[in-house]
Amino acid sequence: MFSYIIKRLLWSIPTLFGVSLLVFFMIHLSPGDPAIMLLGDHANKTSVEKVRKEMGFDKPLYVQYLIFANRALHGDFGKSLKSKQPVIQEFKDRFPATVELAGVAMILAIIFGIGAGVVSAIKRYSIFDYSSMFVALAGVSMPVFWLGLVMIYFFSVKLGWLPVSGRLSYEFDIDHITGFYLIDSLLTNNYEAFWDALKHLILPAIALGTIPMAIIARMTRSAMIEVMKEDYIRTAKAKGCSTFSVIFIHALKNAMMPVITVIGLMLGTLFAGAILTETTFSWPGIGKWIVNAVYQRDFPIIQSATLIIATMFIIVNLLVDLMYALINPKIRLS
Amino acid sequence: MKKILIMALLFVTTIAFAAPKYGGVLVFGRGGDSSTIDPGHATDGESFYASTQVYDNLVQFKYGTTQLEPGLAKSWDISKDGLSYTFHLRKGVYFHPTKFFKKKVEFTADDVVFSLKRQFDKTNPYYKVGGAYEYWSAMDMDNIVKDVIKVDKYTVKILLKKREAPFMANMAMDFASILSKSFADQLLKEGRADDLNRLAVGTGPFYLIKWIKDDRMIFGANEDYWGGKPYVKKLIFKVIPNNSVRAAELKTGSIQIMDFPNPEEVNALRNNPKLKLIEQEGLNVGYLAFNTQKKPFTDVKVRQAINYAIDKAAIVKAIYAGLGKVAINPIPPTMWGYNKKIKDYPYDPAKAKELLKEAGYPNGFETTLWAMPVPRPYNPNGRKVAEAMQADLAKVGIKAKIVSYDWGTYLQKTKMGEHDMALLGWTGDNGDPDNFLYTLLSKAAANLPASNIALWKDNAFDKLVTEAKETPDVAKRTELYKKAQVVFHEQAPWVTLANSIVVEPMAKNVHGFKLDPVGKRRFNTVWLSK
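These protein sequence lines are chains A and B, in that order. 1 is the number of the first residue of the first sequence in the working numbering; add one for each residue after it. 1 is the number of the first residue of the second sequence in the working numbering; add one for each residue after it.
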């Protein structure tokens with residue numbers, strides 16, 4: 001097991017190197033001068049040249065890459081061209097917000113997705129099956145921003161149940177301990193703020209979690225149907241095991257294999273999907289931050305954020321594989 | 001009975017409007033976050049929104065106008081040769097203490113010298129902090145300002161390299177805001193000079209309490225503000241990127257003022273009983289520039305012909321969704337020096353054809369029309385405007401192919417004069433006609449990369465705007481600018497398209513808010529009823 005982990009970790013080095021090369025040259029070869037982008041419509045010749053020199057854009061590309069790679073290896077991801085703040089600081093300010101949102105969305109997706117999938121598989125061709133699969137299909141095909149706007153219109157503007165956007169109402173002020181508002185508010189015994197933060201999370205988490213939930217539900221359903229046909233299930237039933245034990249102990253464990261892979265892959269896409277959700281719900285996470293950086297050609301942010309996210313992808317994939325290996329020892333052996 | 005009721009109602013409302021109330025929290029919803037709070041380094045409006053609340057300038061624009069009034073300088077003298085400006089500073093003004101800088105320091109000449117000199121004096125420790133001082137260079141201040149000298153504690157002298165009438169207007173711009181030298185010194189001592197980009201200590205109507213990136217900025221009222229205590233106790237800037245979501249926040253009452261609504265939603269907001277709308281012509285102009293260095297646009301008749309050929313009124317009506325007016329001159333009508341006597345080229349395809357024939361193009365010609373890829377205040381949809389123009393041009397025989405690039409490339413290529421005809425525009429920064437006429441149309445601005453993207457070099461026009469730049473007398477300058485607009489109209493290097501209208505929807509209980517033509521958002525005179 002240990003050597004398996006080491007091997008997997010070593011493999012990530014060339015992957016990261018490739019990602020850094022790709023990102024760097026792709027953004028630097030795309031048209032548009034970052035200096036002009038930064039200075040905007042009002043830029044004149046002297047200031048553009050001054051800025052280009054200051055930012056080191058007058059150096060050859062490979063030199064720029066070497067400088068960037070060398071700094072990144074030393075943990076220095078440079079400063080944002082726009083805000084002049086260290087990229088890593090900006091990332092730290094926003095990352096917990098994205099993790100909190102993606103985390104809650106994923107939990108919702110897993111609970112409701114697996115639940116709906118299992119029930120649909122057992123009560124095949126029932127009204128519940130048809131309606132939940134219809135909802136799942138709708139969920140997959142719905143654009144996040146549209147769903148978000150519809151929910152805001154309905155639940156916030158019309159009914160007034162939930163806040164429209166943001167992470168917390170302005171009346172509340174939470175001390176930053178972990179950066180996760182749900183946890184920080186509990187740590188400081190600020191239960192009103194906890195409730196407020198939770199209310200702010202509901203709509204964006206549903207919007208972000210809908211697609212993964214739908215996919216998980218469909219995957220679980222078909223995997224369960226397959227597994228339920230297996231001989232060992234028939235044996236279990238024949239042995240007189242309770243329905244609960246047949247479904248949740250015998251069947252679900254095996255049906256989970258493909259579902260876990262999908263969940264792992266989706267964790268990555270969840271961060272990508274967060275971009276739209278964050279923009280719609282004014283959620284101050286990394287999604288909106290990266291989009292802005294792309295618009296403004298804030299190279300240090302684009303490069304570093306992509307690298308950091310790629311690293312996370314690799315770690316998540318590693319964890320998924322490990323979990324896989326834990327559930328199914330055959331994988332470890334081969 | 002009815003009459004009495006109405007009278008009573010009127011009386012009550014007059015009372016309500018007459019007596020501003022103190023207290024309350026004002027939440028302003030905006031589309032993006034500030035990138036920095038240091039106005040010396042900022043180039044974007046969102047950053048200036050925040051720095052304006054905290055910092056003051058020596059002189060400032062009178063709220064809602066482009067006229068200058070005293071700020072931190074209560075008066076000033078200009079030497080006869082126009083090269084030396086002496087500012088007499090207000091006494092007893094203090095920088096506000098904050099959580100991150102608890103001292104209460106008096107504002108003096110040292111702060112002025114520091115704030116301005118750091119932008120050009122290479123020996124200043126802050127010269128290299130936080131990158132280039134972009135607006136300072138953009139306004140050509142390196143070639144205007146020679147030195148900033150402290151005469152005594154309350155007097156500062158600024159020496160110029162050349163006569164420059166728009167200089168005073170520049171001093172009212174955000175980049176010339178006055179920061180606290182003692183705070184900057186302390187940051188430097190602690191080895192975190194860069195923090196000037198996220199922490200602010202100023203003399204303005206509000207002080208910075210907290211800035212949560214991409215989420216909100218919280219300001220408190222400066223009770224001792226020299227210009228009068230602000231009415232609201234707290235001011236919050238909330239970042240809400242999606243226009244429709246911002247409007248929803250306004251409808252639910254969680255914000256009181258919103259920036260930039262979707263044009264399609266403006267009517268719904270206007271008709272909402274809980275809301276009201278403030279409208280004002282923006283200090284901007286959208287235009288179609290001809291590349292006057294390329295054939296056939298070297299010929300004034302061709303340029304005039306296109307001016308006749310394009311139905312501007314129809315374009316503005318259809319694409320600006322009512323939020324714009326047809327532009328006649330290169331400066332907006334809200335600006336001083338605007339020449340009202342000039343009559344616009346009417347929409348007249350027959351006349352256009354006739355002119356084309358005279359110019360030697362009886363069957364028209366083929367050309368390219370460049371369309372900007374992003375919405376701007378002066379042009380909400382470059383592509384649609386280009387398509388409408390294309391159709392109009394086709395009617396007089398000109399076949400125009402629409403060309404577009406991503407925004408950065410578009411700006412770069414048009415600055416290099418690669419286009420035939422290109423859509424672009426300008427938003428004024430300092431309320432001075434020079435900021436449009438010289439910046440966009442002078443010979444100096446036609447050097448590549450050019451901000452004069454028509455690459456138009458006209459001796460008569462250039463003489464007028466250069467002379468105006470060096471004339472301190474406003475009445476004389478006005479005359480020169482009016483003449484310059486006549487030359488512009490005859491030579492037609494552009495088709496002036498539109499001046500957009502800026503709208504700001506807000507809750508009905510918000511009073512005293514005005515839109516600033518220079519694009520600022522100011523809240524010290526805003527108060528809340530109920």
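Calculated from the structure, these hints are not laboratory results. For glycine and all other residues, C-beta sits at the position ideal for the given N, C-alpha and C. Hints are supplied without guarantee of correctness; some may be wrong.
Simulated DEER-style distance windows between Cβ atoms [what the hints assert, rightly or not]:
#, chain 1, residue 1, chain 2, residue 2, range
1, A, Lys59, B, Glu69, 26 to 36 Å
2, B, Lys395, A, Lys59, 28 to 38 Å
3, B, Asn124, A, Asn70, 26 to 36 Å
4, A, Val157, B, Thr298, 55 to 65 Å
5, B, Glu265, A, Ala325, 35 to 45 Å
6, A, Glu49, B, Asp147, 17 to 27 Å
7, B, Gln390, A, Leu319, 14 to 24 Å
8, B, Glu265, A, Glu171, 26 to 36 Å
9, A, Gly179, B, Gly64, 36 to 46 Å
10, B, Asp147, A, Val157, 55 to 65 Å
11, A, Lys123, B, Gln390, 51 to 61 Å
Evaluated hints:
Checked against the given bound of 26 to 36 Å, the beta carbons of Lys59 of chain A and Glu69 of chain B, roughly 47 Å apart, lie outside it. Checked against the hint of 28 to 38 Å, the C-beta distance between Lys395 of chain B and Lys59 of chain A comes to roughly 51 Å, which is inconsistent with it. Checked against the hint of 26 to 36 Å, the C-beta distance between Asn124 of chain B and Asn70 of chain A comes to roughly 30 Å, which is consistent with it. Judged by the Cβ atoms, the range 55 to 65 Å given for Val157 of chain A and Thr298 of chain B holds: they are separated by roughly 56 Å.
For the pair Glu265 of chain B and Ala325 of chain A, the beta carbons lie near 53 Å from each other, so the given range of 35 to 45 Å is not met. Checked against the hint of 17 to 27 Å, the pair Glu49 of chain A and Asp147 of chain B passes, with Cβ atoms roughly 24 Å apart. Against the hinted window of 14 to 24 Å, the Cβ-Cβ separation of Gln390 of chain B and Leu319 of chain A comes to about 55 Å, which falls outside the hint. The hinted window of 26 to 36 Å between Glu265 of chain B and Glu171 of chain A holds, with their beta carbons roughly 28 Å apart.
At roughly 41 Å, the beta carbons of Gly179 of chain A and Gly64 of chain B sit within the given window of 36 to 46 Å. Distance hint check for Asp147 of chain B and Val157 of chain A: the Cβ-Cβ separation is about 57 Å, which falls inside the suggested range of 55 to 65 Å. At roughly 60 Å, the beta-carbon separation of Lys123 of chain A and Gln390 of chain B lies within the given 51 to 61 Å, and the hint holds.
When each numbered hint is compared with the structure, violations occur for hints 1, 2, 5, 7.
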